[in-house]
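2 protein chains.
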Amino acid sequence: MIRIAVDVYGGDNAPDCVLDGALEAMREMPDIHVIFCGAQEEVRKLLAGRPHDEARVRIIDAPDVITNHESPTLAIRRKLNASLVKTMDAVKAGEADAAVTAGSTGAALAGGIFRIGRIRGINRPALAPLLPTAAGKPVMLIDCGANVDCKPEYLVQFALMGQAYMRGVMGVDKPKVGLLNIGAEDEKGNDLAKSTFPLLRDHPLVDFYGNVEARDALTGCVQVIVCDGFAGNILLKSTEGAAQLILGKLKDGLLSSTRSKVGALLVKPALKGLKNELDYEQYGGAALLGVTGAVVKAHGSSKAHAYACAIRQARTMVEGKVVDIIAGQLSAAAGDAAK
Amino acid sequence: MIRIAVDVYGGDNAPDCVLDGALEAMREMPDIHVIFCGAQEEVRKLLAGRPHDEARVRIIDAPDVITNHESPTLAIRRKLNASLVKTMDAVKAGEADAAVTAGSTGAALAGGIFRIGRIRGINRPALAPLLPTAAGKPVMLIDCGANVDCKPEYLVQFALMGQAYMRGVMGVDKPKVGLLNIGAEDEKGNDLAKSTFPLLRDHPLVDFYGNVEARDALTGCVQVIVCDGFAGNILLKSTEGAAQLILGKLKDGLLSSTRSKVGALLVKPALKGLKNELDYEQYGGAALLGVTGAVVKAHGSSKAHAYACAIRQARTMVEGKVVDIIAGQLSAAAGDAAK
Numbered sequence: 043m044i045r046i047a048v049d050v051y052g053g054d055n056a057p058d059c060v061l062d063g064a065l066e067a068m069r070e071m072p073d074i075h076v077i078f079c080g081a082q083e084e085v086r087k088l089l090a091g092r093p094h095d096e097a098r099v100r101i102i103d104a105p106d107v108i109t110n111h112e113s114p115t116l117a118i119r120r121k122l123n124a125s126l127v128k129t130m131d132a133v134k135a136g137e138a139d140a141a142v143t144a145g146s147t148g149a150a151l152a153g154g155i156f157r158i159g160r161i162r163g164i165n166r167p168a169l170a171p172l173l174p175t176a177a178g179k180p181v182m183l184i185d186c187g188a189n190v191d192c193k194p195e196y197l198v199q200f201a202l203m204g205q206a207y208m209r210g211v212m213g214v215d216k217p218k219v220g221l222l223n224i225g226a227e228d229e230k231g232n233d234l235a236k237s238t239f240p241l242l243r244d245h246p247l248v249d250f251y252g253n254v255e256a257r258d259a260l261t262g263c264v265q266v267i268v269c270d271g272f273a274g275n276i277l278l279k280s281t282e283g284a285a286q287l288i289l290g291k292l293k294d295g296l297l298s299s300t301r302s303k304v305g306a307l308l309v310k311p312a313l314k315g316l317k318n319e320l321d322y323e324q325y326g327g328a329a330l331l332g333v334t335g336a337v338v339k340a341h342g343s344s345k346a347h348a349y350a351c352a353i354r355q356a357r358t359m360v361e362g363k364v365v366d367i368i369a370g371q372l373s374a375a376a377g378d379a380a381k
Numbered sequence: 043m044i045r046i047a048v049d050v051y052g053g054d055n056a057p058d059c060v061l062d063g064a065l066e067a068m069r070e071m072p073d074i075h076v077i078f079c080g081a082q083e084e085v086r087k088l089l090a091g092r093p094h095d096e097a098r099v100r101i102i103d104a105p106d107v108i109t110n111h112e113s114p115t116l117a118i119r120r121k122l123n124a125s126l127v128k129t130m131d132a133v134k135a136g137e138a139d140a141a142v143t144a145g146s147t148g149a150a151l152a153g154g155i156f157r158i159g160r161i162r163g164i165n166r167p168a169l170a171p172l173l174p175t176a177a178g179k180p181v182m183l184i185d186c187g188a189n190v191d192c193k194p195e196y197l198v199q200f201a202l203m204g205q206a207y208m209r210g211v212m213g214v215d216k217p218k219v220g221l222l223n224i225g226a227e228d229e230k231g232n233d234l235a236k237s238t239f240p241l242l243r244d245h246p247l248v249d250f251y252g253n254v255e256a257r258d259a260l261t262g263c264v265q266v267i268v269c270d271g272f273a274g275n276i277l278l279k280s281t282e283g284a285a286q287l288i289l290g291k292l293k294d295g296l297l298s299s300t301r302s303k304v305g306a307l308l309v310k311p312a313l314k315g316l317k318n319e320l321d322y323e324q325y326g327g328a329a330l331l332g333v334t335g336a337v338v339k340a341h342g343s344s345k346a347h348a349y350a351c352a353i354r355q356a357r358t359m360v361e362g363k364v365v366d367i368i369a370g371q372l373s374a375a376a377g378d379a380a381k
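As given, the protein sequences belong to chains A and B, one line each in that order. Just add 42 to the spot in the first sequence (first one is 1) and you have this note's numbering. Just add 42 to the spot in the second sequence (first one is 1) and you have this note's numbering.
Take the hints with a grain of salt, since some may be wrong.
Within a straight-line C-alpha distance of at most 20 Å, the following computed PhoX-like cross-link-like pairs (lysine-lysine) qualify [what the hints assert, rightly or not]: (1) A:K291 <-> B:K236; (2) B:K310 <-> A:K314; (3) B:K218 <-> A:K293.
If the Cβ cut is set under 8 Å, some of the chain B residues that face chain A in the computed set are [as the list claims (entries may be wrong)]: (4) D233; (5) I276; (6) K279; (7) A284; (8) L296; (9) G305.
Covered by chain A, according to a simulated footprint, are these stretches of chain B (three or more residues, beta-carbon under 8 Å) [as the list claims (entries may be wrong)]: (10) 181-193; (11) 252-262; (12) 312-318.
Calculated directly from the structure, the hints in this document are not laboratory data. Glycine included, every Cβ here is placed at the ideal spot set by N, Cα and C.
Work out the full structure, taking the sequences as your base and the hints as a guide.
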């Protein structure tokens, strides 16, 4: 049995899609229990209209909501009855094995750090989504927005955490780590990249590939890409933006003439396959790595199925013992350093 | 008459495509003269096999080549007979009005700075390509790789230079400037973005839009996006990478079944239109802004037509008096600051 705490009020489509997604996940995975953190009465009502296995559901009363418009750190400290706080607290207290929220990135991060706590040896927990690649298997991007100004040693920790995730959750035997950079040559980069390169190259626990240009990030040449959260966010969102632009123009083009409309009907299944391949919802949300619990930050615009995927991901993080592996690697790294 | 100096040895497809591109440009624009900087004998031979108007062609003997594998700064200082150096020197000496090279970014930048010189008041010249947008009109990204570590005042100068280009070359009446950031809210960002925001907001000559997320960079909401060269390079290249990934998977999908192959034939014209719309070769290369001459850095992989586009762009930079406008804005800004 794996117990997943779910933030009922996080995201644009809460609470309905959260409930629907959680129940979808329960149907798919018979070994999970869901702990809904939200206003008890409201959650009860919402559940009443939806068939579900009552024995595998619990509610933790959490009537408050943290909005995108307040300071995440202050909100996490003051709104102790907020759904996101209660979700994290359930993990801290050992009532849940994992937490899933689609609340704001800042609040999810602050919640993970201040309510659950960091793994010993980790300076900065990081947000790490998976992206689709040309090779088929996904690549982890760490960090993608939690830490906008980084020191080289943070990036080394990101590398260790990313490797642990790809091994434990994605079953990759020897995940390769690339450093996001503006050129493939060893000496390229800004101050941060240049200082980080030798640390990654010489680290006994990191399987370092070298620099990776943004152009090659989605080729599948590495399984983990490390970068500061500013650069990672630019990479993540410009990929999204380019995809939107291209698919939008493609649609316009296909609807522009009778000939192309007929053709569009014929290529529809192929286009649907393309959309599925590019859809990174299937991998869940962004893992919050570096805290002493499995936490998944789902996309703010998640619909029910995306929530279900995020819950599946949280379950796999628990099963893959990601937190333990990270903690183990960090203490091994500390041991090496002490030698 | 506008005289364009062309680096015969820059880029992967030199010298043949350089020659072909330059002659294509001469056919298209009867008012340009081309000064080929390369080994005199070789250029003569290459020209002999290609019909052209001899009266509009000159050769400057420049037998040396700067490769991608040497230090750009050292090469620029030592290889005084290199094609790239002679190209820049022609502008400095007033023999040419503009320079076009597809040599390495570092060498083009060093050449512009050390052989031509910076505009008074500009700390760091910047590389600025144009990208296609959903709105149809392109957006300028400045800087995209020349300056990987920036101070806030550099980004303000990028904004002034970008505006000058979009007005002078692209004919945009009031170009809006956005600051590349990880969120749209005013207070978002890393240290650099947070320090730059108020400078752009309060600048009397900058038409500031606010922060722009990478996801929205290609929507067309602004005409100039300013950022440090590291972030700009990530944005530029991840857009390229995403486009490659999507168009590659699209092609695979279209060839995956007989049904989709038939459809593909019907949608071919529409797809070709898409490819043209996304093709930023049409806008030329990246302008090197902030030096006292019109310099265009063409993509290293440019084929003949891309060179022709880069030459057209260089011509428009001369005609649009981009250098004068930038110099004028900088002294106006300095005057404002002195008040």
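Results for each hint:
1. A:K291 <-> B:K236: Not OK: A:K291 and B:K236 at ~34 Å, beyond 20 Å, violated.
2. B:K310 <-> A:K314: Since the Cα atoms of B:K310 and A:K314 sit roughly 18 Å apart, the hinted pair holds (cutoff 20 Å).
3. B:K218 <-> A:K293: violated, 28 Å
4. D233: This interface hint holds because 5 Å falls under the 8 Å limit.
5. I276: Holds, about 5 Å.
6. K279: holds, 4 Å
7. A284: holds, 4 Å
8. L296: holds, 6 Å
9. G305: Since chain A brings a Cβ to about 3 Å from B:G305, closer than 8 Å, the hint holds.
10. 181-193: holds (count 3)
11. 252-262: The restraint on the stretch 252-262 of chain B holds, since 7 of its residues have a Cβ under 8 Å from chain A and three suffice.
12. 312-318: It holds, with 4 qualifying residues against the three required.
In summary, the structure is inconsistent with hints 1, 3 from the numbered list given earlier, while agreeing with the others.
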